[in-house]
Amino acid sequence: MKVTVKNPLYDTLSFILHLKKRNRLFKKAATRSLMPAPMNLLAGKLHPRTQVLRITGIRQETPSARTYRLGPVEAGGRAAFFRAGQYIAVEEIVGGVPVSRPFSISSSPEDAAENNFYEITIKTGNDGFFAPWSLREWTEGRILQCSEPTGTFYYESLRDTSHVVCLAGGSGITPFRSILKDSLSCRNDVRFTLFYGAANPEEMIFGSELEELQSRYPDRFSLVKVFSGSDCHAARPEESARPEYTARTEYPGSPAGAEETGFITAKLIKRHCPDAAESSFFICGPREMYDFVSRELEVFSLSPGRLRKENYGGAACGSAGDSFVNGSAGDSYANGGPEGSRTSSTRPASRKTGTAGGPGQKKIWTITVLRDSSGTEGTSRERETVLPADETETVLTALERAGLNPPALCRSGECGWCRSRLAGGEIYVSPENDRRRQADLKFGWFHPCSSYPRSDLIIEVPRNPLQRRYL
Amino acid sequence: MRELRSEKLKITIVVSNAGSYNYTMTDMYDIIVLGAGLGGLCAAFEASGKGKRVLLFEQHNLPGGFATSFVRGRFEFEPSLHEMPDVSSIEEASGVVRYLKDQAGLDIDFLPIPDAYRVILTDKNVDVRIPFGSTALIDVVEREVPGSRGPVSAYMELCGEIQDAFGYLSRHEKDLSYRDLLKKHGNFIRTGAYTAEQVADSLHVPRAARDLIYPYWCYLGVPMGRMSFSIWAALLNSYISWGAVIPKLRSHEISSAFVKGIQENDGEILYNTRVERVLVSDGRITGVETSAGDRIECRALISNASPTLMFDSMISPRDEVPPSALRNISTRKHGFSLVVVYLGLDAGPEELGLEDYSYFIAPHMDTEKLYDTIHNLDSDGVMQASVCLNIANPDCSPPGTTILAITAGFRAEAWAGVSCRDYFRTKNRVAEKLITQFEEATNTRIRGHIEEIEIATPQTFARYTGAYDGIVYGYEPEPWDSIVPRALAAEEETYFENLQFCGGFAFRCHGYGSSILSGKTAAEKTISALDGPV
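Chains D and H are the protein sequences, given in the same order.
Under the working numbering, the first sequence has 175 at position 175, and the numbering climbs by one with no breaks.
Under the working numbering, the second sequence has 259 at position 259, and the numbering climbs by one with no breaks.
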């Protein structure tokens, strides 16, 4: 077959004619700049890698909780827009080592857009070192190195039901304040019921604001305050000893919202939300609350997509898990659980230094961190840092404690920002927090923030792109 | 502050008083590769495999660029790959899968795609499943468009010849003679100047038959009236004749396999590090400066970043950029970007009624009109290319769930007016329309089953890959800017002798296969420039 498109001669000369056309076009072109590209600009505004923010105001919410208002340091700087429910990670130097903590943004996206600020709210308990440290150290004018807003704990109209049940415990209220302010003012196709567990009325963060929202949007927002009468969910109540709720003062639809005593049980949820089984649930609170509420919700047989938990680190929800400076148990071992997966790389670390601990004794392993990006065991590459790692603490915590400033955002295995290479050794990851990519499992990459050492490790950690230029 | 210096690695570690440290590097490499997209990964792999001291920079914390994956809830999504032509079983072929498996020896499991695609044209009452295999395709098209067998057979035969000619070209890169090419592959020469539409006209392919065989146009992103016939023919033929595959563990498996190979070759990769400036002195690239403050020298640079970014924003000092380079990038038409709606569904494909892997859905197959729709976010009648991953990869998500990705082309300009505040609302609006279009065309119900959803836009791609304006495709392959003119002009358009490009904006045009193989070519050219011809 001999194809003719226009005429045989022209067809045969095609390439030459095309080169001529190419050159002709280039010759008459301008040398104007194509920069900046609008999409790269938009990406930079929505997702700045670093935000340098100053504490511009402090509000005492309850005896144990404070709200910090943060605004950009740079003249003309903008607090990046976000989706209500997202968090920012704050990098600080505590006890001489750089650490990072995620905090849900408690203010609304509108406040970022209109008034150029975020608010984060921190509650102290007897758990962890960061919160009490920040309450001591953070004063107006302090400059904080922060991440972009990130996270997936937000209402999504294409996915979630038109009735959303929010379960908040303690400082777990923070993302809901943002979600409620945003959704109630910006959309009228979704209804929220918030069950807010606190020890007592004095410990309710944003209590009067929530009551105000309830009276302003009586058809779309129901507030149910649930007071435990003790340190809320601080201890896991035994099945038998669990105090049943008792209606104390109950005014459904009243301006102040309903008030209950006890814990957030299935029975209580059902009474306020007859359509609970067909609703989307959002949960944020301490781990003890997750465990309790998860069991309670079993009766509704919710599909996994109807149950969304904010897992971000300890700090975002005010739970334990960040206590290495004061030396108590670190990222709770209970994060794991005996039935989780064990991952071992193809190259087990050679040295075993784990001290066989008796009951109550911790095992200490050794982590060798390859700073250079190509080393594998057996090559001549230098191993730069050798550090101890407690079996009950995450690899990330061990790296931070050693002052390595590894990249970290969510601290719960989800975002993958700390993704590192496991060149040798064995780690433990609880299935609940295991969000590794399948190819990462195949090729030996892991998330230090959700991994516990089970042997000596050889790892390679990428550099942290957050630069401390302003600190 | 104190400074530690390690002579061996020449890494300067600055330990601040607070105990934290950032490390900056000062060093010299044979080859720096800029960007760990598929082209950059392949270039770094090839160059390090030839014993060169190679450093690969990546601004993100993951390798791959578009070739990656992400996890939401129970689902791990494929961000960009629909399918790669499979030539692994054909002895003579020099395709990308064969390269990855046999030549590069990478550890990647590939799974076959069952059928080519299902094309649904809602205004024209067309709903046809197109099989792989030239003969099978011709039979189906004849059944749907009686009388089309003759011209469609001739058309497919011609496409096969074009593909063979490309094979001939790559085998004779060094001893190519125009006379031999004309003698052995005359039709390649004779159709090279034309658009895909002009050649279909000359063979009298009926319009209704074109409707069935044109859907792959969206993989190249230029309407058929402007698309280079050569590149179109090669693409159509490679899919239809050879079938297609996907990696089992999403594209991240390809990227990770390359990373492993680079490590084994003693190449180095620095993640979370953006190259801010490419240093030039007397017309030669001398090194780079990075966002972390590294200043590293090199003998040659291979750029996975586009010529647009390189010449218009990276070369330092700027007056080292020849005006001809700036004219080049402002003349060529930048390709389009995409909106992708990633859906994790809480029901299995059977329950949902999803039987096909690849769906091309549009009101019609007038590619000029379809191309027009990509300029406006609220256009009606867009074309979508949607993939139900479970059909080819049943284990990609837990039992009783489905991964569905709906993709539509949009030019970045369509998003230019969207503010930060409107961004999330806007992308939801666009996504909802695409989901509805899918449901109506396939008569399925998706909305009530969405367990996880993510929506990627040009902004998303700009964010994660750094690509100029979030563009997914490279320069549009019109006949004057298709592979052959780019290859023939390569020497004349080499603006820095120790700078080669790879990736979707390089001479092979865009797509997974082209991007990967362009990295191989860039490494070979760079090495022969460094070492002299072998």
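Since the hints were derived computationally from the structure, they do not count as laboratory data.
Treat the hints with care, since some could be wrong.
Derived pair list, reagent style DSSO-like, types lysine-lysine, alpha-carbon separation capped at 27 angstroms [unchecked claim]:
no.	chain 1	residue 1	chain 2	residue 2
1	D	Lys-6	H	Lys-369
2	D	Lys-27	D	Lys-45
3	H	Lys-260	D	Lys-442
4	H	Lys-433	D	Lys-2
5	D	Lys-20	H	Lys-333
6	H	Lys-248	D	Lys-21
7	H	Lys-525	D	Lys-6
8	D	Lys-6	D	Lys-45
9	H	Lys-369	H	Lys-124
10	D	Lys-21	H	Lys-369
11	H	Lys-525	D	Lys-20
12	D	Lys-21	H	Lys-124
13	D	Lys-21	H	Lys-101
14	H	Lys-183	H	Lys-101
15	H	Lys-369	H	Lys-50
16	H	Lys-333	D	Lys-27
17	D	Lys-442	H	Lys-248
18	H	Lys-183	D	Lys-20
19	H	Lys-333	D	Lys-28
20	H	Lys-184	D	Lys-6
21	H	Lys-124	H	Lys-433
22	H	Lys-433	D	Lys-20
23	H	Lys-124	D	Lys-20
24	D	Lys-2	H	Lys-183
25	H	Lys-50	D	Lys-442
26	D	Lys-21	H	Lys-433
27	D	Lys-6	H	Lys-124
28	D	Lys-442	H	Lys-525
A few chain H residues that don't get close to chain D, going by computed Cβ distances all over 10 angstroms [unchecked claim]:
no.	residue
29	Phe-70
30	Lys-101
31	Lys-124
32	Val-126
33	Gly-283
34	Asn-328
The beta carbon of each residue, even a glycine, is placed where N, CA and C say it ideally should be.
So, going through the hints one by one against the coordinates:
no. : hint                    : verdict
1   : D:Lys-6 <-> H:Lys-369   : holds, 25 angstroms
2   : D:Lys-27 <-> D:Lys-45   : violated, 36 angstroms
3   : H:Lys-260 <-> D:Lys-442 : holds, 11 angstroms
4   : H:Lys-433 <-> D:Lys-2   : violated, 46 angstroms
5   : D:Lys-20 <-> H:Lys-333  : holds, 17 angstroms
6   : H:Lys-248 <-> D:Lys-21  : violated, 44 angstroms
7   : H:Lys-525 <-> D:Lys-6   : violated, 37 angstroms
8   : D:Lys-6 <-> D:Lys-45    : violated, 51 angstroms
9   : H:Lys-369 <-> H:Lys-124 : holds, 15 angstroms
10  : D:Lys-21 <-> H:Lys-369  : holds, 26 angstroms
11  : H:Lys-525 <-> D:Lys-20  : holds, 25 angstroms
12  : D:Lys-21 <-> H:Lys-124  : violated, 38 angstroms
13  : D:Lys-21 <-> H:Lys-101  : violated, 39 angstroms
14  : H:Lys-183 <-> H:Lys-101 : violated, 33 angstroms
15  : H:Lys-369 <-> H:Lys-50  : violated, 48 angstroms
16  : H:Lys-333 <-> D:Lys-27  : holds, 15 angstroms
17  : D:Lys-442 <-> H:Lys-248 : holds, 11 angstroms
18  : H:Lys-183 <-> D:Lys-20  : holds, 23 angstroms
19  : H:Lys-333 <-> D:Lys-28  : holds, 15 angstroms
20  : H:Lys-184 <-> D:Lys-6   : holds, 21 angstroms
21  : H:Lys-124 <-> H:Lys-433 : holds, 20 angstroms
22  : H:Lys-433 <-> D:Lys-20  : violated, 44 angstroms
23  : H:Lys-124 <-> D:Lys-20  : violated, 41 angstroms
24  : D:Lys-2 <-> H:Lys-183   : holds, 11 angstroms
25  : H:Lys-50 <-> D:Lys-442  : holds, 26 angstroms
26  : D:Lys-21 <-> H:Lys-433  : violated, 41 angstroms
27  : D:Lys-6 <-> H:Lys-124   : violated, 31 angstroms
28  : D:Lys-442 <-> H:Lys-525 : violated, 33 angstroms
29  : Phe-70                  : violated, 8 angstroms
30  : Lys-101                 : holds, 16 angstroms
31  : Lys-124                 : holds, 27 angstroms
32  : Val-126                 : holds, 28 angstroms
33  : Gly-283                 : holds, 18 angstroms
34  : Asn-328                 : violated, 6 angstroms
Consistency with the previously given hints fails for numbers 2, 4, 6, 7, 8, 12, 13, 14, 15, 22, 23, 26, 27, 28, 29 and 34, ordered from lowest to highest.
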